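Produce the complete structure using the sequences and hints provided.
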Amino acid sequence: MKRAIICFVVSISCFLLSGCWDRTELNDLALVTGIGIDQKGKEIELTAQLVVPKKLGAGASMGGNNSGSSGGATIVRSGTGKTLADAIAHLQEKLPRRLFWGHVKVIVFGEKAAKAGIRAHMDFLSRNPQTRLRSNVLVSDKTAKSVLELLPPIEQSSAEVLRELSNSQILMNITLKDVLQMLSGETGAAALPMVTLLPIEKEKTPLETIAYIDRTAIFKGDRMIGSIGDKLTRGALWIRNEIEQANITVSLKGAEGKITSTIIRANTKLIPSYKNGRWKMTIDITSRDDVLLNATNLSLYNEKHIHQLEKALAQATIERVNATLKKVQKEMHADIFGFADVIHRKYPKQWNRIKNRWDDIFPEIEVKVKANVVVQRPGMNTTPQGIPEDEVKK
Amino acid sequence: MQFFKQRRKQTNKENVPAMEREHKQPEAVVLSADITQNIQTLQTIYENCCDVVFRSFRIGGEVNATILYIDGLVNVEQLNIAVLPSLMTKQAAEATTLASFLKESLPVSSLTTVQTVAECIEQLSSGSCVLLIDKQPEAVALSIAKWEKRSLEEPTGEGVIRGPREGFTESISTNLSLLRRKLKSPKLKTKAKTFGTYTQTTVVVTYIDGLASETLLEEVEVRLSRIDVDGIFETSYIEELIEDNPYSLFPQVINTERPDVVAANLLEGRVAILQDGTPFALIVPASFYSLLQSSEDYYQRHAISTMIRWLRYLFLLVSLLLPSLYVAVLTFHQEMVPTTLLLTMAASRELIPFPALVEALIMEIVFEALREAGVRLPKQAGAAVSIVGALVIGQAAVQAGIVSAPMIMVVALTGIASFTIPRYAAGIALRMLRFPMILLAGSLGLLGVMLGLLLILIHMATLRSFGVPYLSPMAPMQWEEMKDVLVRVPLWKQNKRPRLTGTKNRTRQAPNQKPDPLEGDDQLSKGGQS
Chain U
1 MKRAIICFVV SISCFLLSGC WDRTELNDLA LVTGIGIDQK GKEIELTAQL VVPKKLGAGA
61 SMGGNNSGSS GGATIVRSGT GKTLADAIAH LQEKLPRRLF WGHVKVIVFG EKAAKAGIRA
121 HMDFLSRNPQ TRLRSNVLVS DKTAKSVLEL LPPIEQSSAE VLRELSNSQI LMNITLKDVL
181 QMLSGETGAA ALPMVTLLPI EKEKTPLETI AYIDRTAIFK GDRMIGSIGD KLTRGALWIR
241 NEIEQANITV SLKGAEGKIT STIIRANTKL IPSYKNGRWK MTIDITSRDD VLLNATNLSL
301 YNEKHIHQLE KALAQATIER VNATLKKVQK EMHADIFGFA DVIHRKYPKQ WNRIKNRWDD
361 IFPEIEVKVK ANVVVQRPGM NTTPQGIPED EVKK
Chain A
1 MQFFKQRRKQ TNKENVPAME REHKQPEAVV LSADITQNIQ TLQTIYENCC DVVFRSFRIG
61 GEVNATILYI DGLVNVEQLN IAVLPSLMTK QAAEATTLAS FLKESLPVSS LTTVQTVAEC
121 IEQLSSGSCV LLIDKQPEAV ALSIAKWEKR SLEEPTGEGV IRGPREGFTE SISTNLSLLR
181 RKLKSPKLKT KAKTFGTYTQ TTVVVTYIDG LASETLLEEV EVRLSRIDVD GIFETSYIEE
241 LIEDNPYSLF PQVINTERPD VVAANLLEGR VAILQDGTPF ALIVPASFYS LLQSSEDYYQ
301 RHAISTMIRW LRYLFLLVSL LLPSLYVAVL TFHQEMVPTT LLLTMAASRE LIPFPALVEA
361 LIMEIVFEAL REAGVRLPKQ AGAAVSIVGA LVIGQAAVQA GIVSAPMIMV VALTGIASFT
421 IPRYAAGIAL RMLRFPMILL AGSLGLLGVM LGLLLILIHM ATLRSFGVPY LSPMAPMQWE
481 EMKDVLVRVP LWKQNKRPRL TGTKNRTRQA PNQKPDPLEG DDQLSKGGQS
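Taken in sequence, the protein lines are chains U and A.
Residues 1 to 394 in full-length UniProt numbering are what the first sequence lists, from first letter to last.
Residues 1 to 530 in full-length UniProt numbering are what the second sequence lists, from first letter to last.
Take the hints with a grain of salt, since some may be wrong.
As the list claims (entries may be wrong) - Estimated spans, in silico, between C-beta atoms of each pair:
{"no.": "1", "chain 1": "U", "residue 1": "Met1", "chain 2": "A", "residue 2": "Lys514", "range": "29 to 37 Å"}
{"no.": "2", "chain 1": "U", "residue 1": "Val10", "chain 2": "A", "residue 2": "Val222", "range": "32 to 40 Å"}
{"no.": "3", "chain 1": "U", "residue 1": "Met1", "chain 2": "A", "residue 2": "Gly231", "range": "24 to 32 Å"}
{"no.": "4", "chain 1": "U", "residue 1": "Gly221", "chain 2": "A", "residue 2": "Leu351", "range": "27 to 35 Å"}
{"no.": "5", "chain 1": "U", "residue 1": "Asn247", "chain 2": "A", "residue 2": "Leu351", "range": "46 to 54 Å"}
{"no.": "6", "chain 1": "U", "residue 1": "Met1", "chain 2": "A", "residue 2": "Glu214", "range": "33 to 41 Å"}
{"no.": "7", "chain 1": "U", "residue 1": "Asn247", "chain 2": "A", "residue 2": "Lys514", "range": "21 to 29 Å"}
{"no.": "8", "chain 1": "U", "residue 1": "Met1", "chain 2": "A", "residue 2": "Pro436", "range": "15 to 23 Å"}
{"no.": "9", "chain 1": "A", "residue 1": "Met336", "chain 2": "U", "residue 2": "Val374", "range": "42 to 50 Å"}
{"no.": "10", "chain 1": "A", "residue 1": "Pro436", "chain 2": "U", "residue 2": "Thr262", "range": "55 to 63 Å"}
{"no.": "11", "chain 1": "U", "residue 1": "Ile5", "chain 2": "A", "residue 2": "Gly231", "range": "28 to 36 Å"}
What the hints assert, rightly or not - The list that follows gives simulated cross-link-like pairs (lysine to aspartate or glutamate, EDC-like), each with its CA atoms no further than 20 Å apart:
{"no.": "12", "chain 1": "A", "residue 1": "Lys483", "chain 2": "A", "residue 2": "Asp297"}
{"no.": "13", "chain 1": "U", "residue 1": "Lys177", "chain 2": "A", "residue 2": "Glu335"}
{"no.": "14", "chain 1": "U", "residue 1": "Lys220", "chain 2": "U", "residue 2": "Asp123"}
{"no.": "15", "chain 1": "U", "residue 1": "Lys55", "chain 2": "A", "residue 2": "Asp297"}
{"no.": "16", "chain 1": "U", "residue 1": "Lys269", "chain 2": "U", "residue 2": "Glu366"}
{"no.": "17", "chain 1": "U", "residue 1": "Lys269", "chain 2": "U", "residue 2": "Glu319"}
{"no.": "18", "chain 1": "U", "residue 1": "Lys54", "chain 2": "A", "residue 2": "Asp297"}
{"no.": "19", "chain 1": "U", "residue 1": "Lys370", "chain 2": "U", "residue 2": "Asp359"}
{"no.": "20", "chain 1": "U", "residue 1": "Lys349", "chain 2": "U", "residue 2": "Glu186"}
Keep in mind the hints are simulated off the structure, nothing from the lab.
Nothing here was measured: the structure is a model prediction, and the numbers come from that model.
Glycine is no exception: its CB is placed at the ideal position from the N, C-alpha and C atoms.
Here it is in structure tokens:
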């Protein structure tokens with residue numbers, strides 16, 4: 001009995017003396033949903049978007065009175081410092097609650113910060129145990145703060161908006177893990193989605209808008225060297241085999257009006273080859289499409305018309321990809337497509353010889369684009385709608 | 001089996017001389033031929049007992065006799081109409097021997113001759129009349145017992161939707177008859193014993209000869225023989241005196257008030273202990289999984305029973321872990337909660353004055369208090385308690401800003417979860433363990449929860465119930481037994497009895513009983529029917 005009491009006392013004191021040292025109540029945490037990193041002269045400015053639980057409406061005040069108030073659930077605070085860690089320490093000074101990075105959804109770089117280099121920041125973000133490798137990384141065309149301080153009308157926070165937009169995968173969807181992989185990969189280049197502010201609607205305050213992804217920032221090493229627009233970005237997505245959703249509109253020979261089709265599945269293969277000291281890359285695209293809209297008078301139940309359409313779609317895809325290649329490969333010389341990785345995998349011996357000269361070799365690679373499109377279904381209508389039956393070209 | 005031997009050695013060593021029973025000494029006296037002396041002895045023993053009736057009369061108007069009984073235990077009507085008149089007739093005196101007369105013409109089915117005072121007392125206590133006759137050195141006990149009994153009712157603690165609705169009552173004879181009606185074989189053995197110096201309670205050990213193993217029976221006997229107490233009012237007394245680990249929170253014996261449960265367990269080679277005066281029977285040995293099974297598992301369709309078992313296993317974990325996981329995640333691992341959920345929780349916790357740990361403890365303790373009050377309260381106060389309870393664990397508490405809404409959900413869910421466990425004793429053990437778990441979670445986070453779980457698991461793995469490992473058939477693992485643990489396979493697949501208790505006779509039923517419309521065709525055509 002005596003032994004049991006001693007055991008009990010010892011174990012209890014073990015818990016009580018050592019136990020709760022890292023305990024933090026939820027009420028003492030400042031939940032960060034987005035981080036913005038800007039360059040201010042020589043200093044780094046870190047902006048944190050914080051959720052204010054009080055304003056969330058749900059919970060303690062059950063009256064349900066102001067649950068409909070738009071936005072206002074987040075605030076932003078900034079701190080500056082020589083490094084990101086410095087800036088965080090400075091930011092913490094201005095906050096009554098402890099910063100909690102476990103729920104960071106987006107990391108936004110201001111354009112200046114991106115051009116100054118992001119490696120040091122990446123090191124910090126990946127070293128910190130709280131930040132998640134799954135958070136999305138974006139570049140803002142102005143400052144990161146201007147993006148985070150927005151109070152979006154639909155979602156809870158602008159960080160949430162950016163995450164949803166990234167996940168829709170219409171343009172680039174890059175997470176912290178992807179950035180780290182791209183930066184440490186063979187290619188020496190990276191591509192990050194770039195956001196811009198949506199113009200403000202009438203009768204709305206300047207903050208009541210969102211930032212949306214409309215471009216792609218191209219990085220060489222860890223510095224941003226330029227950006228490409230949404231069309232070229234989609235070309236890059238084709239090459240990177242990341243295309244998820246795309247509508248392609250083409251017009252066919254001998255018919256007025258246009259046909260739009262949408263991708264069901266698409267797959268891209270990069271096939272490198274090495275002959276006579278010259279590198280060649282074949283981009284082999286296959287996709288399966290559905291017809292969305294047919295404004296021509298062609299009946300898509302005719303196999304000939306379908307073949308014609310498939311060829312036109314393939315041609316449009318090839319043109320799109322070629323335009324991207326021209327800009328990114330020939331002008332920017334940034335291998336955001338992962339050519340280096342493919343070559344390394346297929347020709348490991350040769351790669352060892354050329355990897356130091358990759359920046360010179362990459363723009364010179366001869367790229368051949370092949371596309372194979374299959375239109376699977378012409379949709380619910382057998383004939384073009386809205387025109388008399390006899391005008392339909394069968 | 002080794003385990004049994006070890007235990008027995010220990011008991012021999014510890015065997016303390018039986019308690020001195022002073023008041024039994026005069027009872028050992030043999031009845032004398034002198035009736036006045038016998039009456040005197042009995043009257044001194046039953047001094048100050050107003051319910052003991054001494055009725056003196058003459059048999060056939062000649063021989064002095066006295067009939068003794070305890071008021072309320074005897075069918076007085078029968079005594080008046082049948083017994084006394086036939087004793088008082090003339091023939092009674094004229095009969096050659098008194099004994100032969102009693103046997104021949106007394107309209108009572110059960111007659112016992114008793115020689116000692118002690119036997120007299122025993123017969124009187126169990127509701128017989130004792131007839132003392134002058135010049136006879138022995139008495140006759142007439143068994144015409146009758147006392148107030150509760151009628152058969154549906155067991156309240158173990159309700160079923162489909163299945164027999166009768167439950168045991170407080171009367172052991174009724175209970176044994178219920179059991180005998182379920183198991184009509186003469187192989188059903190019922191061995192009676194008496195416990196309690198003052199209560200003299202009948203305890204019956206029942207088993208099926210040829211199914212229950214001898215070692216188990218022997219062990220039950222040995223453990224029961226060590227019981228020497230002044231009174232037994234519930235089988236829980238016996239349970240506490242025979243269980244393997246008396247300090248454990250977990251019940252190591254199944255208790256039930258359903259005859260069908262007892263019968264089914266006897267068929268699996270277990271032993272049941274019934275006691276007079278309580279509707280609860282004990283079944284040994286028990287395993288943890290048998291405590292999670294309801295009799296209805298076998299009365300429902302097997303697929304449904306399987307799903308209900310999984311549900312029980314899930315809610316078993318919920319009842320043990322949900323509050324502690326909530327506390328751990330909220331105070332240590334905020335990154336584990338999905339963002340939107342965390343924000344909702346943060347919003348509802350914003351104005352709460354207590355840390356999550358304290359909040360959880362308060363609410364869980366209040367819940368336990370409400371549960372206890374609900375069991376104990378007088379029926380008239382029931383409505384008041386349930387209304388107040390709904391206020392304390394509910395909207396009002398949230399509006400008052402004392403607890404957060406998610407915590408109410410957690411507490412309510414835990415409460416519901418613990419009641420999905422069919423055996424109350426097992427459910428309450430887990431409910432009690434939730435408190436140390438909450439404390440561990442509040443001080444060490446998920447690490448503490450894991451620590452607590454490991455401790456519980458280690459403890460359960462060390463437990464045994466009459467030699468059977470408590471976690472069997474999971475630990476030690478026996479794949480064959482999973483048919484009745486992980487799932488509940490159809491009846492036609494349960495051809496073998498459980499390995500640990502049904503060792504003596506493994507075969508339960510004939511194989512290949514899977515019903516199939518084509519199966520009977522042969523017989524039909526052979527029988528010449530088309």
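So, going through the hints one by one against the coordinates:
1. U:Met1 with A:Lys514: 29 to 37 Å: Since the Cβ atoms of methionine 1 of chain U and lysine 514 of chain A sit about 58 Å apart, the hinted range of 29 to 37 Å is violated.
2. U:Val10 with A:Val222: 32 to 40 Å: With a Cβ separation near 38 Å, valine 10 of chain U and valine 222 of chain A satisfy 32 to 40 Å, so the hint holds.
3. U:Met1 with A:Gly231: 24 to 32 Å: Given range 24 to 32 Å: holds, Cβ gap about 27 Å.
4. U:Gly221 with A:Leu351: 27 to 35 Å: Violated, since glycine 221 of chain U and leucine 351 of chain A (Cβ atoms, about 50 Å apart) do not stay within the stated range.
5. U:Asn247 with A:Leu351: 46 to 54 Å: Cβ of asparagine 247 of chain U to Cβ of leucine 351 of chain A: about 49 Å, so the range 46 to 54 Å holds.
6. U:Met1 with A:Glu214: 33 to 41 Å: The hinted range 33 to 41 Å holds for methionine 1 of chain U and glutamate 214 of chain A, with Cβ atoms some 37 Å apart.
7. U:Asn247 with A:Lys514: 21 to 29 Å: violated, 57 Å
8. U:Met1 with A:Pro436: 15 to 23 Å: Once the Cβ atoms are compared, 20 Å apart, the range 15 to 23 Å for proline 436 of chain A and methionine 1 of chain U holds.
9. A:Met336 with U:Val374: 42 to 50 Å: holds, 45 Å
10. A:Pro436 with U:Thr262: 55 to 63 Å: Check passed, 59 Å falls within 55 to 63 Å.
11. U:Ile5 with A:Gly231: 28 to 36 Å: With a Cβ separation near 32 Å, isoleucine 5 of chain U and glycine 231 of chain A satisfy 28 to 36 Å, so the hint holds.
12. A:Lys483 with A:Asp297: holds, 13 Å
13. U:Lys177 with A:Glu335: Distance ~18 Å between lysine 177 of chain U and glutamate 335 of chain A Cα, so the pair holds.
14. U:Lys220 with U:Asp123: holds, 17 Å
15. U:Lys55 with A:Asp297: It is violated: about 50 Å lies between the C-alpha atoms, which goes past 20 Å.
16. U:Lys269 with U:Glu366: holds, 16 Å
17. U:Lys269 with U:Glu319: Holds. Lysine 269 of chain U to glutamate 319 of chain U sits at ~17 Å (cutoff 20 Å).
18. U:Lys54 with A:Asp297: violated, 49 Å
19. U:Lys370 with U:Asp359: Given that 20 Å is the threshold and the Cα spacing comes to 25 Å, the pair is violated.
20. U:Lys349 with U:Glu186: holds, 14 Å
Hints 1, 4, 7, 15, 18 and 19 from the earlier list are contradicted by this structure; the remaining hints agree with it.
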